[in-house]
Amino acid sequence: MPGRTVSFHPDDRYAAFLRTIPEAPCGEGRLAGVPVAVKDNISTAGIETTCASKILKGYVPPYDATVVERLKREGAAIVGKTNMDEFGMGTTTENSAFWPTLNPADPTRVPGGSSGGSAAAVAAGLVPLALGTDTGGSIRCPAAFCGIVGLKPTYGRVSRYGLIAYANSLEQIGPMARTVKDASLLMEVIAGHDPRDSTSRDCPYHHAPDPEIRGVRIGVPEEFFGEGVDPRVASVVWDAISLLERKGAEVITCRMPSMAYALAAYYVTCTSEASSNLARFDGVRYGPPADTKKPWHEAFQEQRRAGFGEEVRRRIMLGTFALSSGYYGKYYAKAQAARNNVRADFERLFCDVDVLAGPTMPTVAFRFGEKSDPLSMYLSDILTVPANLAGVPAISVPCGKVDGLPVGLQIMGRWMEDERVVDVAYAFEQGGSP
Amino acid sequence: MTVIVGLEIHCQLDTATKLFCGCSTDYRDDPPNSHVCPVCLGLPGSLPKINRKAVEYALRVAKALNCEVPEESEFARKNYFYPDLDKGYQITQYDKPLAVCGYLDIEGDEGEKRVRITRVHMEEDPGRLVHKGGADRPKYTLVDYNRAGIPLIEIVTEPDLRSPKEARRFLNKLRATLEYLGVFDSEKEGSLRVDANISLAGSERVEVKNITSYKGVEKALTFEVTRQKNAIRRGQKIVRETRHFVEARGVTTSSRSKEMEQDYRYFPEPDLRPLRVRDWAEEIKIPELPDARKQRFIEDYGVSPTHAATLTGDWQIAEFYDSLPADLRVSTATATWVADTLLGELNYRDMSIRGVPLDHFKELLLIRQAGEITEKAAVEVLRTLLDQIRDTGTCELPRQCIGRLGLFVIAAAEEGADDPVTAAARQAIAENPQAVADFCQGKKEALNFLVGQVMRKTRGCAKPGDVNRVLTSLLSGDE
Amino acid sequence: MACTCGSGHSPDNNGYKKPYQDYLSSYRTLEPAREAYPGMITERDTEHIAQLADIAIDREELASFTSRFNEILEYFDILDQVEMAEESGEKAYNIFREDEVVPSLSQEEALSNTTAPEEGFFRAPRVM
Ligand SMILES: [Zn+2]
Numbered sequence: 001m002p003g004r005t006v007s008f009h010p011d012d013r014y015a016a017f018l019r020t021i022p023e024a025p026c027g028e029g030r031l032a033g034v035p036v037a038v039k040d041n042i043s044t045a046g047i048e049t050t051c052a053s054k055i056l057k058g059y060v061p062p063y064d065a066t067v068v069e070r071l072k073r074e075g076a077a078i079v080g081k082t083n084m085d086e087f088g089m090g091t092t093t094e095n096s097a098f099w100p101t102l103n104p105a106d107p108t109r110v111p112g113g114s115s116g117g118s119a120a121a122v123a124a125g126l127v128p129l130a131l132g133t134d135t136g137g138s139i140r141c142p143a144a145f146c147g148i149v150g151l152k153p154t155y156g157r158v159s160r161y162g163l164i165a166y167a168n169s170l171e172q173i174g175p176m177a178r179t180v181k182d183a184s185l186l187m188e189v190i191a192g193h194d195p196r197d198s199t200s201r202d203c204p205y206h207h208a209p210d211p212e213i214r215g216v217r218i219g220v221p222e223e224f225f226g227e228g229v230d231p232r233v234a235s236v237v238w239d240a241i242s243l244l245e246r247k248g249a250e251v252i253t254c255r256m257p258s259m260a261y262a263l264a265a266y267y268v269t270c271t272s273e274a275s276s277n278l279a280r281f282d283g284v285r286y287g288p289p290a291d292t293k294k295p296w297h298e299a300f301q302e303q304r305r306a307g308f309g310e311e312v313r314r315r316i317m318l319g320t321f322a323l324s325s326g327y328y329g330k331y332y333a334k335a336q337a338a339r340n341n342v343r344a345d346f347e348r349l350f351c352d353v354d355v356l357a358g359p360t361m362p363t364v365a366f367r368f369g370e371k372s373d374p375l376s377m378y379l380s381d382i383l384t385v386p387a388n389l390a391g392v393p394a395i396s397v398p399c400g401k402v403d404g405l406p407v408g409l410q411i412m413g414r415w416m417e418d419e420r421v422v423d424v425a426y427a428f429e430q431g432g433s434p
Numbered sequence: 001m002t003v004i005v006g007l008e009i010h011c012q013l014d015t016a017t018k019l020f021c022g023c024s025t026d027y028r029d030d031p032p033n034s035h036v037c038p039v040c041l042g043l044p045g046s047l048p049k050i051n052r053k054a055v056e057y058a059l060r061v062a063k064a065l066n067c068e069v070p071e072e073s074e075f076a077r078k079n080y081f082y083p084d085l086d087k088g089y090q091i092t093q094y095d096k097p098l099a100v101c102g103y104l105d106i107e108g109d110e111g112e113k114r115v116r117i118t119r120v121h122m123e124e125d126p127g128r129l130v131h132k133g134g135a136d137r138p139k140y141t142l143v144d145y146n147r148a149g150i151p152l153i154e155i156v157t158e159p160d161l162r163s164p165k166e167a168r169r170f171l172n173k174l175r176a177t178l179e180y181l182g183v184f185d186s187e188k189e190g191s192l193r194v195d196a197n198i199s200l201a202g203s204e205r206v207e208v209k210n211i212t213s214y215k216g217v218e219k220a221l222t223f224e225v226t227r228q229k230n231a232i233r234r235g236q237k238i239v240r241e242t243r244h245f246v247e248a249r250g251v252t253t254s255s256r257s258k259e260m261e262q263d264y265r266y267f268p269e270p271d272l273r274p275l276r277v278r279d280w281a282e283e284i285k286i287p288e289l290p291d292a293r294k295q296r297f298i299e300d301y302g303v304s305p306t307h308a309a310t311l312t313g314d315w316q317i318a319e320f321y322d323s324l325p326a327d328l329r330v331s332t333a334t335a336t337w338v339a340d341t342l343l344g345e346l347n348y349r350d351m352s353i354r355g356v357p358l359d360h361f362k363e364l365l366l367i368r369q370a371g372e373i374t375e376k377a378a379v380e381v382l383r384t385l386l387d388q389i390r391d392t393g394t395c396e397l398p399r400q401c402i403g404r405l406g407l408f409v410i411a412a413a414e415e416g417a418d419d420p421v422t423a424a425a426r427q428a429i430a431e432n433p434q435a436v437a438d439f440c441q442g443k444k445e446a447l448n449f450l451v452g453q454v455m456r457k458t459r460g461c462a463k464p465g466d467v468n469r470v471l472t473s474l475l476s477g478d479e
Numbered sequence: 001m002a003c004t005c006g007s008g009h010s011p012d013n014n015g016y017k018k019p020y021q022d023y024l025s026s027y028r029t030l031e032p033a034r035e036a037y038p039g040m041i042t043e044r045d046t047e048h049i050a051q052l053a054d055i056a057i058d059r060e061e062l063a064s065f066t067s068r069f070n071e072i073l074e075y076f077d078i079l080d081q082v083e084m085a086e087e088s089g090e091k092a093y094n095i096f097r098e099d100e101v102v103p104s105l106s107q108e109e110a111l112s113n114t115t116a117p118e119e120g121f122f123r124a125p126r127v128m
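Protein chains in written order, with our numbering: chain Y, 1 to 434; chain X, 1 to 479; chain U, 1 to 128.
Keep in mind that the hints are not guaranteed to be accurate.
What the hints assert, rightly or not - Beta-carbon label-pair distances, calculated as ranges: (1) U:D58 with Y:D210: 49 to 59 Å; (2) Y:T5 with U:E119: 35 to 45 Å; (3) Y:T5 with U:S106: 34 to 44 Å; (4) U:E87 with Y:L375: 23 to 33 Å; (5) U:S106 with Y:D291: 26 to 36 Å.
Think of the hints as simulated: they come from the structure by calculation, not from any bench.
What you are looking at is a predicted structure, and each value in this text was computed from that prediction instead of being measured.
For each residue, glycine too, the CB sits at the ideal point set by N, CA and C.
Please model the complete structure; the sequences and the hints are all you need to start from.
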């Protein structure tokens with residue numbers, strides 16, 4: 001229906017949005033007139049898309065990401081672009097080049113990241129649905145910190161065409177919502193084969209969440225409750241797992257030895273890929289222009305120093321180092337081998353269990369500035385990166401609170417069994433005894 | 001001093017679309033940045049997708065070069081910065097190339113020679129730069145990405161070539177092979193670029209980059225051989241370096257700006273899946289290649305080996321020759337006419353066989369074969385038509401041209417009749433009493449002189465046999 | 001070792017011929033070459049990496065970047081324990097598109113994100 005729009009004038013007190021569309025066009029379909037927020041690293045034709053980076057300030061894509069096309073085809077209204085850690089590089093959304101987003105559950109704390117804007121927009125009730133992206137936990141972490149549902153789909157299930165790449169081999173676009181059912185509906189719309197993405201699989205998602213989990217075998221890796229996990233968070237998550245057991249699931253503890261080096265493998269891989277992905281930002285074709293009066297090398301260097309934030313520069317340089325001559329074997333090649341081991345661990349565990357469960361994050365949401373050194377920030381991704389390394393689906397569903405702050409239960413499933421992690425999360429969400 | 005040369009050849013594959021996107025490759029007469037899309041412009045979020053045809057073409061080349069196709073190959077990113085690069089990396093192949101370990105046989109300095117091919121891989125072309133503000137001190141650069149993403153194959157040889165001439169021969173053979181395969185259009189500007197590694201035995205190796213023509217390769221290498229020999233003679237050491245070929249001056253110059261040390265940080269392209277094309281390569285049929293065709297021309301048409309090599313050294317000429325009627329193909333005169341006359345006249349005009357309407361020349365050959373014009377007239381018509389094409393891009397029909405120039409053969413009629421040949425003969429006899437007298441005294445050369453006079457008067461359109469007969473008959477009548 | 005390429009020439013011809021496997025391993029050595037940055041990386045190393053990454057780096061930042069790098073790289077050393085192994089997992093191959101022309105962007109669209117295009121070209125810094 002041409003001409004129809006959704007008025008969108010939110011009270012964005014948590015600074016979730018980088019920009020909003022006051023009169024957003026919408027149409028007919030399964031999401032007719034539903035306002036949807038889109039993370040700012042997903043290309044939207046005619047709407048500025050910056051990845052929360054100064055280097056893309058003013059960039060207006062001439063094309064829509066496949067997921068945005070799919071949203072529009074189902075009538076959704078794209079009402080705004082949400083804040084994030086610059087290029088997805090962060091766990092708190094503090095790395096946005098523009099401003100931090102506040103956690104609606106406690107505005108003195110971070111919303112998590114990197115999809116912090118999307119999570120906050122949903123948690124604050126500004127939109128029912130939002131798209132996030134998850135490279136090493138960037139959907140699940142803010143979902144857990146803000147108390148909403150976030151799904152990282154199986155790698156290849158949702159097209160990456162139009163997603164501004166941070167780490168191509170790890171990341172997926174996924175749904176964020178207040179309920180599992182809503183997240184599942186949004187997943188239905190965005191999933192499916194896209195010929196423009198060579199890593200896309202022909203595996204559509206048509207699923208009505210089913211809360212019946214009798215007989216489902218839930219593995220709980222010890223490593224998910226190891227060092228660094230807040231005992232209060234662990235306790236809340238164990239309570240959640242017990243509830244699933246009471247509903248008829250079988251709970252089996254297990255081991256995941258590859259967790260020892262999963263985080264290192266993750267950071268080597270994502271920084272390596274990022275160092276190459278972010279090479280295109282030189283100010284020639286888009287973004288603030290490079291100084292054409294200087295020799296090219298100098299102009300590019302200045303452009304990239306001024307345009308990228310500190311963490312982005314750090315990761316680009318780390319990745320450059322990891323791929324450089326003489327170090328490829330020590331870092332990148334070894335990270336890929338470690339990644340294979342993580343994948344093998346999942347495969348082995350999934351012979352005996354149907355899903356794996358544990359906390360999404362080792363702690364509740366941090367205070368602003370709490371994680372000041374990069375390594376301790378990286379370490380907080382330890383529970384979310386395994387699913388990205390293996391390409392398997394993982395969901396975070398709110399499962400309780402510690403000191404009034406939300407805690408997320410993470411359910412990981414077999415490759416292409418996104419439906420099952422949704423079902424288990426749904427079973428938990430329904431709560432109580434059968 | 002033994003000269004050791006290895007080549008790296010980049011050829012554009014003649015596909016309809018670019019290597020990783022659907023933009024048309026036919027951009028040459030179009031404005032800048034009119035054949036670009038999010039993919040080849042490197043817009044954030046765009047993803048490459050491999051053109052099946054480009055892989056097929058590359059596999060054809062691999063097969064024709066007798067290469068081994070590994071079970072798995074993959075694309076990799078070559079990371080470096082330059083304004084012509086749209087993504088800050090080039091998608092190419094690194095440690096898992098499409099094909100390896102091949103060879104191409106050429107006519108070497110000392111007979112048949114096998115040149116080994118190290119590898120054949122695929123990659124994308126970068127954009128094109130235009131320097132603004134004068135060549136000496138450019139102020140800034142303009143970039144056109146129409147060329148960005150054009151599919152290239154890189155063919156790397158082992159250092160098996162032993163002279164600049166061998167290098168040129170190798171390239172000619174390679175070009176012919178690529179054209180036979182239907183994967184390459186050598187007429188397109190920039191369709192072939194060569195980097196050459198050259199050393200004198202015992203000395204360091206020098207890389208010469210930026211050679212963009214076949215002739216340039218021989219020139220650049222000849223210059224390098226002389227330069228290196230002179231340096232060694234003067235007791236200097238050859239330093240390992242990269243030099244650039246300056247086509248206009250025919251010299252190589254040291255790349256003076258010491259660009260920072262390169263470290264391309266290759267890693268597998270995560271946006272693409274690997275290739276497993278060995279079985280596909282088995283199935284791919286490749287057409288008859290130059291060597292086989294040369295053999296067929298010798299055996300089936302009785303063409304001399306030298307002519308056969310010339311006729312099959314260019315796909316278009318070979319096709320032209322094959323399209324001639326059977327009785328023409330087996331005639332030595334035809335082979336000579338095409339290999340020597342036609343190609344010689346083209347060469348003289350620095351023209352290529354492309355852009356020449358071969359049907360016209362086929363017709364001309366048929367007219368000549370039918371005896372409607374003489375050999376001499378045929379050459380005159382050929383020259384006229386080629387001049388027209390060179391000057392205007394098109395030419396007359398051969399019959400039209402022959403008619404306009406009045407070059408159709410003038411037949412002599414039966415004895416005693418008053419035809420143009422007889423008239424010219426009478427005139428020649430009347431004008432050259434001394435020759436007639438010499439002839440009568442038994443000097444046979446005098447007749448040749450008179451024949452020449454008649455031919456000139458008939459502008460070469462009389463048949464020499466007729467002229468001979470008519471003259472002899474007239475002179476014996478006078479006796 | 002016999003030449004495996006089937007081209008019939010002798011493998012020791014000039015010593016250049018390499019069977020396929022040797023050929024591959026010659027491209028990339030997986031052994032760490034610590035000579036470049038032995039032990040901890042230094043500020044000079046950081047400068048070199050910044051050059052490769054085409055990112056200018058201030059003198060003041062150099063020290064803090066270098067010490068952060070060393071902390072993180074030390075953590076990455078855990079990867080030294082990982083054995084190299086054959087790649088596993090489900091993989092797709094031969095994902096192609098057909099050689100069919102799809103409309104390009106218009107020149108105007110292509111240049112729409114640049115501030116100072118000139119005669120249809122993008123403008124870049126000088127390269128010589
Ligand atoms: Zn394109």
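Status of the hints after comparison with the structure:
no.	hint	in the structure
1	U:D58 with Y:D210: 49 to 59 Å	57 Å, holds
2	Y:T5 with U:E119: 35 to 45 Å	39 Å, holds
3	Y:T5 with U:S106: 34 to 44 Å	27 Å, violated
4	U:E87 with Y:L375: 23 to 33 Å	29 Å, holds
5	U:S106 with Y:D291: 26 to 36 Å	28 Å, holds
When the structure is compared with the earlier hints, a violation turns up for hint 3 alone.
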